[in-house]
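Peer 1: Given next are the chains, with one letter for each unit.
Protein chains: 2
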Amino acid sequence: MTTRKPTMADVARHAGVSLKTVSRVVNQEPHVRASVQQRVQAAISALGYRRNEAAARLARGATMLTLGLVMENISNEFYARLAAAVEAAAAEHEALVVFGSYEESPDKERMLIESMAARGVDSLIVVPSAADHGWLAEHASLRMVFVDRLPPGLATADVVVLDDEGGGRAATEHLLARGHRRVALISDDDGLSSVHDRAAGYRAALAAAGLPADEGLVVRGVFDPCLVAEEVARLLDLADPPTAFFAANNRAAIGILRALRERAERPAYVGFDDFALADVFSPGVTVVRYDVPMLARTAVDLLLRPADGAARLVKLPVELIPRGSGELPPP
Amino acid sequence: MTTRKPTMADVARHAGVSLKTVSRVVNQEPHVRASVQQRVQAAISALGYRRNEAAARLARGATMLTLGLVMENISNEFYARLAAAVEAAAAEHEALVVFGSYEESPDKERMLIESMAARGVDSLIVVPSAADHGWLAEHASLRMVFVDRLPPGLATADVVVLDDEGGGRAATEHLLARGHRRVALISDDDGLSSVHDRAAGYRAALAAAGLPADEGLVVRGVFDPCLVAEEVARLLDLADPPTAFFAANNRAAIGILRALRERAERPAYVGFDDFALADVFSPGVTVVRYDVPMLARTAVDLLLRPADGAARLVKLPVELIPRGSGELPPP
Numbered sequence: 001m002t003t004r005k006p007t008m009a010d011v012a013r014h015a016g017v018s019l020k021t022v023s024r025v026v027n028q029e030p031h032v033r034a035s036v037q038q039r040v041q042a043a044i045s046a047l048g049y050r051r052n053e054a055a056a057r058l059a060r061g062a063t064m065l066t067l068g069l070v071m072e073n074i075s076n077e078f079y080a081r082l083a084a085a086v087e088a089a090a091a092e093h094e095a096l097v098v099f100g101s102y103e104e105s106p107d108k109e110r111m112l113i114e115s116m117a118a119r120g121v122d123s124l125i126v127v128p129s130a131a132d133h134g135w136l137a138e139h140a141s142l143r144m145v146f147v148d149r150l151p152p153g154l155a156t157a158d159v160v161v162l163d164d165e166g167g168g169r170a171a172t173e174h175l176l177a178r179g180h181r182r183v184a185l186i187s188d189d190d191g192l193s194s195v196h197d198r199a200a201g202y203r204a205a206l207a208a209a210g211l212p213a214d215e216g217l218v219v220r221g222v223f224d225p226c227l228v229a230e231e232v233a234r235l236l237d238l239a240d241p242p243t244a245f246f247a248a249n250n251r252a253a254i255g256i257l258r259a260l261r262e263r264a265e266r267p268a269y270v271g272f273d274d275f276a277l278a279d280v281f282s283p284g285v286t287v288v289r290y291d292v293p294m295l296a297r298t299a300v301d302l303l304l305r306p307a308d309g310a311a312r313l314v315k316l317p318v319e320l321i322p323r324g325s326g327e328l329p330p331p
Numbered sequence: 001m002t003t004r005k006p007t008m009a010d011v012a013r014h015a016g017v018s019l020k021t022v023s024r025v026v027n028q029e030p031h032v033r034a035s036v037q038q039r040v041q042a043a044i045s046a047l048g049y050r051r052n053e054a055a056a057r058l059a060r061g062a063t064m065l066t067l068g069l070v071m072e073n074i075s076n077e078f079y080a081r082l083a084a085a086v087e088a089a090a091a092e093h094e095a096l097v098v099f100g101s102y103e104e105s106p107d108k109e110r111m112l113i114e115s116m117a118a119r120g121v122d123s124l125i126v127v128p129s130a131a132d133h134g135w136l137a138e139h140a141s142l143r144m145v146f147v148d149r150l151p152p153g154l155a156t157a158d159v160v161v162l163d164d165e166g167g168g169r170a171a172t173e174h175l176l177a178r179g180h181r182r183v184a185l186i187s188d189d190d191g192l193s194s195v196h197d198r199a200a201g202y203r204a205a206l207a208a209a210g211l212p213a214d215e216g217l218v219v220r221g222v223f224d225p226c227l228v229a230e231e232v233a234r235l236l237d238l239a240d241p242p243t244a245f246f247a248a249n250n251r252a253a254i255g256i257l258r259a260l261r262e263r264a265e266r267p268a269y270v271g272f273d274d275f276a277l278a279d280v281f282s283p284g285v286t287v288v289r290y291d292v293p294m295l296a297r298t299a300v301d302l303l304l305r306p307a308d309g310a311a312r313l314v315k316l317p318v319e320l321i322p323r324g325s326g327e328l329p330p331p
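Going down the list, the sequences are from chains L and F. Per UniProt numbering, residue 1 is the first one in the first sequence, and the count goes up by one each step. Per UniProt numbering, residue 1 is the first one in the second sequence, and the count goes up by one each step.
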């Protein structure tokens, strides 16, 4: 906190005036008393405040620098952490975040984006659904960055994704290295690029180890942890059950935890996505982790630094964190 | 979904036009082609859409019905659930939510509120910090509802709180009924009315059982689960340790889970606040639970139905959910 650049808010606090007053002084608007103006200028000098591009935009119109964040579901821990990180990244640019979640409904996703655009939110960060996003081509004035997944049907967009395939491969290789030969994949909507790529990494690792891809061990399109738990129980009841699981997202990992609560088996498992309590379980949950604040900062950066043409694709690294569940041996 | 009232978004989808176009037709604005107007009117008739007060406000200005939600920390599960619930409640009124979190800094809380006000957000839901909120008296044009805690220094505000004292008493009585006589309290900032009232309930239950309140068993002002874990470990190492804990919030409950991970003791504990994985631990975490969607709906309702003078205080019920950790006997 001590090395960050002073913000308009710091100036407001130092001068004992409102943010709006500082904004008026900085923008040389009328209706500010001379004494107040002097106090603000003194605070600006004392703190070494310098107006940045973002702050200048903010000052030009009250609603100019509001970032919209459109995501699937704020009550999923991944989105809560992403929202907190986007908010922190936006705050560095003195911007607010308007957020909305579309609960897996592409229709609601579209309504949210249109509604935000109608309210003057011109910069959007979107975690896109699996639906076609070609309709966004008509919203050329909107500045958008897609996060976590590629938007289908919109080749020109800036995107920040994770190394999903690398993560899927690392998770599966980790399990294979412990001697597992029957590794199940618990996944959701294959139409999402992230889900698709994690599954591709899983298959690549199996192929590299010379193992057949047994589609009977692959569960797809299951979103709710309770339904995941049922699928995991079903797999464990097979005549030749899996001895390990790769959970392609946090809901799948939580579903496995639920399923194992009432069973004697202790299969190994690795989850994609860290979560707050992953290290409190016994054994701790081995996960593929990534830097959520960096994901958010990268998206906000792309949004505020317009490209000169070509679409930008940033792929962020992931890392495997061993905590116990992924290191269990086959029975 | 089938019984809810049709919204402008439904009309837009049905007519195959944008939300903005529907808004223009509903408000009889110019620049809508006759054929489009007819299509929208047909959709309005087909769906039985009726403009409500909120939608009319929305239509009068793009940013009019934006609710601001100011809270402590979106990455804490309580706030993520509250945010999702406020968003769902706001969506019923075709409103968006602008959110911000102040990370326990009363200064940032004030900046957020002022910044939102400067952007035309005139309706705010605030989970207030423990600081004096008297300064808000000068923002008479802002419509505000406080949630979860009373705002210190602002007697005139509408507030929705939980039955914190009743919950604290129920949790403690539950532990006493299992034979515990040394019950510790893990709490955070006593300056927050919710925290204060939960502790008051704890003390009331001890007093009713004729037990002395041992201040050596009370931990206050600890926010981080890892620090809570250290305090719990310290208490368990006492010569006469507690055999049960009342965790006054979800961070305290998670801290207890962390502390017990590496210890032989199995003290009983009850947490205030439910959390997604509470039933997955073994034993499951007994909690004082409340209806987060109702909390959100009540707040949005108060915000959209202005009072005719007197401040309104709504207190919502809580209930104890036994899952195992609160039913463990003393050793």
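Keep in mind that the hints were calculated from the coordinates and are not lab data. A quick note: this is a predicted structure, and the numbers were derived from the prediction, not measured. Possibly wrong hints are sitting among the right ones.
Intra- or inter-copy, both count: the list cannot distinguish identical chains.
Derived lysine to aspartate or glutamate pairs resembling EDC-like cross-links, with alpha carbons at most 16 Å apart [as the list claims (entries may be wrong)]: (1) Lys20 with Asp279; (2) Lys315 with Asp301; (3) Lys20 with Glu327; (4) Lys108 with Asp279; (5) Lys20 with Glu114; (6) Lys108 with Asp190; (7) Lys315 with Asp291; (8) Lys315 with Glu94; (9) Lys20 with Asp163; (10) Lys108 with Glu29; (11) Lys108 with Asp163; (12) Lys108 with Glu173.
Peer 1: If a hint holds in the structure, say so; if it does not, say that too.
Peer 2: Hint check:
In this assembly of identical chains, the alpha carbons of Lys20 and Asp279 never lie at most 16 Å apart, being 45 Å within a copy and 47 Å across copies at closest. Taking CA atoms no more than 16 Å apart as the test, Lys315 paired with Asp301 passes inside one copy only; the shortest distance there is 14 Å, against 43 Å between copies. Within a single copy, Lys20 and Glu327 get their C-alpha atoms no closer than 56 Å, and across copies no closer than 54 Å, so neither meets the 16 Å cut-off. With identical chains, the CA atoms of Lys108 and Asp279 are never at most 16 Å apart, being 35 Å at best within one copy and 31 Å at best between copies.
Proximity of Lys20 and Glu114 under a CA criterion of 16 Å is satisfied inter-copy only: 8 Å between copies versus 28 Å inside one chain copy. In this homomeric assembly, Lys108 and Asp190 never come within 16 Å of each other (Cα to Cα): the closest approach is 20 Å inside a single copy and 41 Å across copies. For a Cα distance limit of 16 Å, the shortest separation of Lys315 from Asp291 inside one copy, 12 Å, qualifies, whereas the shortest one across copies, 40 Å, does not. For the identical chains of this complex, Lys315 and Glu94 are neighbours neither inside a copy (26 Å) nor across copies (36 Å), given an alpha-carbon limit of 16 Å.
Taking CA atoms no more than 16 Å apart as the test, Lys20 paired with Asp163 passes in neither setting, with 42 Å inside one copy and 38 Å between copies. Proximity of Lys108 and Glu29 under a CA criterion of 16 Å is satisfied in neither setting, with 40 Å inside one chain copy and 25 Å between copies. In this assembly of identical chains, Lys108 and Asp163 lie within 16 Å of each other by CA distance neither inside one copy nor across copies; the values are 28 Å within and 35 Å between. With identical chains, the CA atoms of Lys108 and Glu173 are never at most 16 Å apart, being 38 Å at best within one copy and 46 Å at best between copies.
Comparing the model with each numbered hint stated earlier shows that hints 1, 3, 4, 6, 8, 9, 10, 11 and 12 do not hold.
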